[in-house]
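First to last, the protein sequences are chains S and U. Under our numbering, the letters of the first sequence match residues 1 to 1004, in that order. Under our numbering, the letters of the second sequence match residues 1 to 272, in that order.
Quick caveat, the hints were computed from the structure, so don't treat them as lab data. Hints may be right or wrong, so weigh each one.
[Unchecked claim] In silico SDA-like pairs for lysine to any residue, Cα to Cα no more than 20 Å straight-line:
| no. | chain 1 | residue 1 | chain 2 | residue 2 |
| --- | --- | --- | --- | --- |
| 1 | S | Lys131 | U | Ile224 |
| 2 | S | Lys131 | U | Glu245 |
| 3 | S | Lys131 | U | Asp221 |
| 4 | S | Lys50 | U | Glu256 |
[Unchecked claim] Selected chain U positions facing chain S (in silico; Cβ < 10 Å):
| no. | residue |
| --- | --- |
| 5 | Arg14 |
| 6 | Glu18 |
| 7 | Leu19 |
Source: prediction; values computed, not measured. Each residue gets a CB set at the ideal place from its N, CA and C atoms; glycine is no exception.
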Amino acid sequence: MSEITELTHCGPSLCVKFFEHYVFAAYGPLLKIYEYKTGKVVNTCRVLKKNKVHGISIGKSGNILAYGARSVSVFPMSEALKKESVQKYENITTEWITSSEFDYTEKNIYMLTCYNKILVYNLESKSIAIKAVPGERSILYSGSIKVFSDDKAYAVAGTVMNGVIIWDLITEKMFHNLTGHEGAIFNVILSDDGKLIASCSDDRSIKLWDFTTGQELTTGWGHTARIWYLKFFDNDRKLISVSEDCTCRVWSVSRSSTGKIELVQENIIEAHQIKNVWGVDVQESENIAVTSGNDGRIRVIDLAPVSRYGNELQSFSLNELSIKHGIKMEKGEMFKGFQPFKFGLIAATSLGKILMFDQISNSWSLLMTDSRLTSYSIFHGIKEENIAVIANNKSELLVLKLSEDGKTIIKESKLHYDNLSKTINCLVTKFDEKSLFILLESPNPNDQLQGLQLSNNTLEIINEYTFTKPKNFTTSSVAIIENLLIIGSRFSTVGIYSLTKEQKECYLIKGINEGDNITSTTFISKLPNALIFSVTSRDGYYNFIKIHISKTFEIAKHEIIYSNKVARGFLEGSFIDENDDFIIYGFKSSLFYLYNETKCYELASQLCGGAHRQWNFEEFNDYFMLVFIQSSTLHIRRINKLKFPHTLSDGLHGREIRDITIRSSKSYKNGYLFCTGSEDTGIRLSYFDITTNEINTYWFERQHVSGLQTCSFISNNLMISTSAREELFLWKLNTDTEDRPYMNLLQHLPTSMDTPDLRIMDFSVKFIEETVDFVLATIYSDSTIKIWYYNSDENKFKLIIGGRYETCCLTNANFVTLNQKLYCVVTPTDGYIVVYNITEAIQFELSESNTLVNNEKDLTQTALPMYETRIRVHQSGIKSMDTQVLDNTLKVYTTGDDNAIGLTIFKLDTSTKKLEGITNSFIERANASTITSCSLFNNNSKLLTTSVDQIVKIYDISNDQLDLINERYTTIADTGSCDTIDLSDGSSRLLIGGVGFSLWKWTQ
Amino acid sequence: MGKSSKDKRDVYYRKAKELGYRARSAFKLLQLNEQFHFLDDPNLKRVVDLCAAPGSWSQVLSKTMFKGIKESEVTEDDERKIVAVDLQPMSPIDHVTRLQADITHPRTLNKILELFNNSKADFVCSDGAPDVTGLHDLDEYVQQQLIMSALQLTTCILKEGGIFVAKIFRGRDINLLYTQLGYLFEQVICAKPRSSRGTSLEAFIVCIGYIPPKGWQPKLDENISVQEFFQGLKTDSKNQPRVIERYYEEERNIAEFMSCGGLQSFDSDATY
Ligand SMILES: C[S@@+](CC[C@H](N)C(=O)[O-])C[C@H]1O[C@@H](n2cnc3c(N)ncnc32)[C@H](O)[C@@H]1O
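Can you make the complete structure from the sequences, with help from the hints?
Below is the structure:
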């Protein structure tokens, strides 16, 4: 006997609820319970057998009511918090349950069905009554029940076409049929005081109605797609909505003096990825909301980011400083630069005044005036050391060291740097624990770059440096990492100098991306003989670069190990946070943003007018400080770090996972790396731990422009992904460090035309012996088959064989070698398995051990030969294939759109010298729907299949037959992909993807 | 599923334009017929096309039933009649009587029966699909409810031995539907025309040989739900589901699968 257990599940979450210090989130049939203050998972409990939990209600008596599809269940909270399953409480009804609530006594349950009936049943599962209003049996998409007392309870129901039906479920009387919306109603609720009805619809609007009169009061517009769920809070003064457009919006229900009610949109939070936020709840005492979405993420949202810690945004004009703080300003005097510190801020004016802002007392004071710093000044500092560096364009510098509270100048140093007559830039960075570094650049391109190392304590010069400046080099950022000076420049170029060497020539990394300014370079990690640092570029690119260095800090070479582009505007900087997440910041249109790039969500944003202004951003222990000038006014925005986790669950993809691939040839940390390619056009590089079963996502690759078709590791460090528009990308994985793996786009396959329209459906790879070169087969949606040679030295693909099967779409391809022949097995949508013998056509030889040998022939393009053999196995399209070569036979496992699965065995016919196939085992009606993927595992003795009917099956194939040994329901809808890996303990891990993702364990 | 407009311009799209069909769906019905020949029956008289707009199925029905006959040439006593029902208005088609109505509404049945002078239909088809929300289980349920509504109507209007064809999506609970249909028809087949994309879950149920169970009188009533309507269908009354009961595994049968349209016909997944 063999056994399957589900270890981890990640998929859409349809509803969330706060209760005390918990958040209850429904994941398919499961209920996951978190402590929202810590993010800790308290328990995961199976509530329903197969149906998904669509809604939950928590009674005062400590019972939980959960419902979804035709299931409903009431179970004690105590069991939900501890037990693995409360499925024994599940009941099933005859109609879809749109909504369910406890009655006033909490001894009975009301269930609103999709045919607008209320079923009443007691906790012993006995039906008590069926309530309905005559004639109203049109199908509902939504509805809710509001219980006010024993004899006062209402049903509000939203129909598929325009209507909102309000009825008394005790007296079975209908009050209103509200018909103001257009299209289906997706949610309708009653306010807590019973005076207002709120509804939302297909038409993207929210409407408020008067419960007594049925009058339409107001319409709220704002969402850019359908709205799924609503909730009143703050004594019905506020409403929160979630939508298909990924946002959660807060509305105030404002009553004007004339009594007119309006919905005013107060806040928009981009809470989830790609599509669909399904659930929302509010914890009023903390002023936070929690949302759940199709991406499986549970997001905690601060509803009062600005007011929570006092006023977070402060604005000061120089005029105000004169009046309120008694610092006399001249006419036309302006802020010229500033640097945030722990105590507040130091700023300089255009007349050389040095001002200090104390953020505790909110007061400004004049520290000193340096008349040299009139008109032009550049302002930087070292926040940890309370050191400010201000320069003018005549190579004159003012360096100040301030006391802890910023009120007194401990040390002051006025420097004039004689080597340069003029400066256009002055950049400052930490040198080491005891000193800082100032880089000065002259406007004359022939002048050298000048560096000063200053003591943190005495501000005295410790060392001076000169660096030869490369051509076309203009400094834009500076960092010192391990005795290396790393300077960012325009045109996406980075220059690196060794500080220990006499000769200060530059190691140049040119044109990393398209060519904008480098905005930051940041140390990431250190390896024996190598360093990794990150580089951000104003145009949105960020890169991780590895440089190989000798003991004498000689740079041997560099390698870009990761490159990606942010989806939003200008990129100004990045850092790794305390959770090892990669955080980026910059500007998009008129906003400054702070974004968690690893987990893909916005941490904060601030309206500031856009990128073209003076600004500064620093991180402190429990807050960030953004300072910017807008309309001559200085604004200080404190962005406090949320005291709760931003997400309780990170989620994975916003849409269906189309393919999964495990890097099975090598483990990573205590588990394996894997990639998921999704309909959302992204590829995620993630990790699963084989002990904790936790899943950790590192990167979201955005290079594909259409939904993914396939992705697959072809070696330890190479992965290939394909999608529509003839996109095939070759990625290189780098796992040198344990903090995170990197994956970089190495090359893409040439397309057949400029605006390609074909899908690359699948591919297969065969390596050439003793090299990292390979032969690649690609198959297309127009029946084309192409064979390429990839030369790793040149990093180039060359087309070597081209041809076409017939006219139908091809779905799978696999190279196999057998009897010193190279075959390409292809499956089309016509149900055949087609075998091409390309031994003659390909210009590589096959060794006796069936490996490809490079015989240095000139590679010319040849035509694809006619297929050697084909055999019809399925009635319609073959969805997936796996192959195995054993004892001079080729075994092909196929699954089809015809709900069937087949095992076809090919053998060499001794007379014709050709392969001939017979279908050895074929199961019709193996599933009720398309069988979408399959994978061999357990030393190729078992076959896993997934189907859209959500039944996963495992067959024993050791006797060349398909013997079903396990089947199990998966909660993952649109089940479409899988991959497997055998572990050393004899068990296997099965990864199943669709709308969500599951990790299963299989044991003999 | 986010198809780009280019994607839609496949072979069938272009072919439909050429042949004057209002939608590429026409080929789905034609290919189903290639396999099952239900439209080739010379005795076919009364047919109902549910969820018919914009009307390409009705065009196919009209062309095959009235081969080359103009509308003016049809005689008074000709019993042949096509009724096309949709929520949306439809522009006229020769030999087709249009009815703008909701197929889930009980009154629609009477209107059709009136048009047929209370005679039974030989063939009912439905190509209906509701809007999708993205909640897979809800979308599948609503689709099945639409099929059940069509089926409800069909049971009241179809002659014994008649044929019912409807669009389905092969999701998680499709076998529950197969089971239900199994009580009413001699043969239930899940058919997939080659003009229907392999990448979509769309397929068609072809239900052949209508046999209402003995003693079961289908009757449409405003106040009973689809579920209640089909109650009593199962022969052993002990297994009648109660309104609510402890979770149990329902009977699920898998229908036979049949691909239609022949291999020489175009593949809708191919792009050129
Ligand atoms: C895919 S189209 C049918 C195409 C049609 N067979 C053809 O070939 O032109 C689906 C149709 O179902 C209709 N429909 C959906 N629900 C309906 C209902 N309850 N009653 C009537 N028609 C409905 C829609 O209005 C839509 O026109």
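To see whether the hints hold, each was checked on the structure:
no.: 1; hint: Lys131(S) with Ile224(U); verdict: 13 Å, holds
no.: 2; hint: Lys131(S) with Glu245(U); verdict: 18 Å, holds
no.: 3; hint: Lys131(S) with Asp221(U); verdict: 17 Å, holds
no.: 4; hint: Lys50(S) with Glu256(U); verdict: 24 Å, violated
no.: 5; hint: Arg14; verdict: 14 Å, violated
no.: 6; hint: Glu18; verdict: 18 Å, violated
no.: 7; hint: Leu19; verdict: 19 Å, violated
Checked against the numbered hints listed earlier, the structure breaks hints 4, 5, 6 and 7; every other hint is satisfied.
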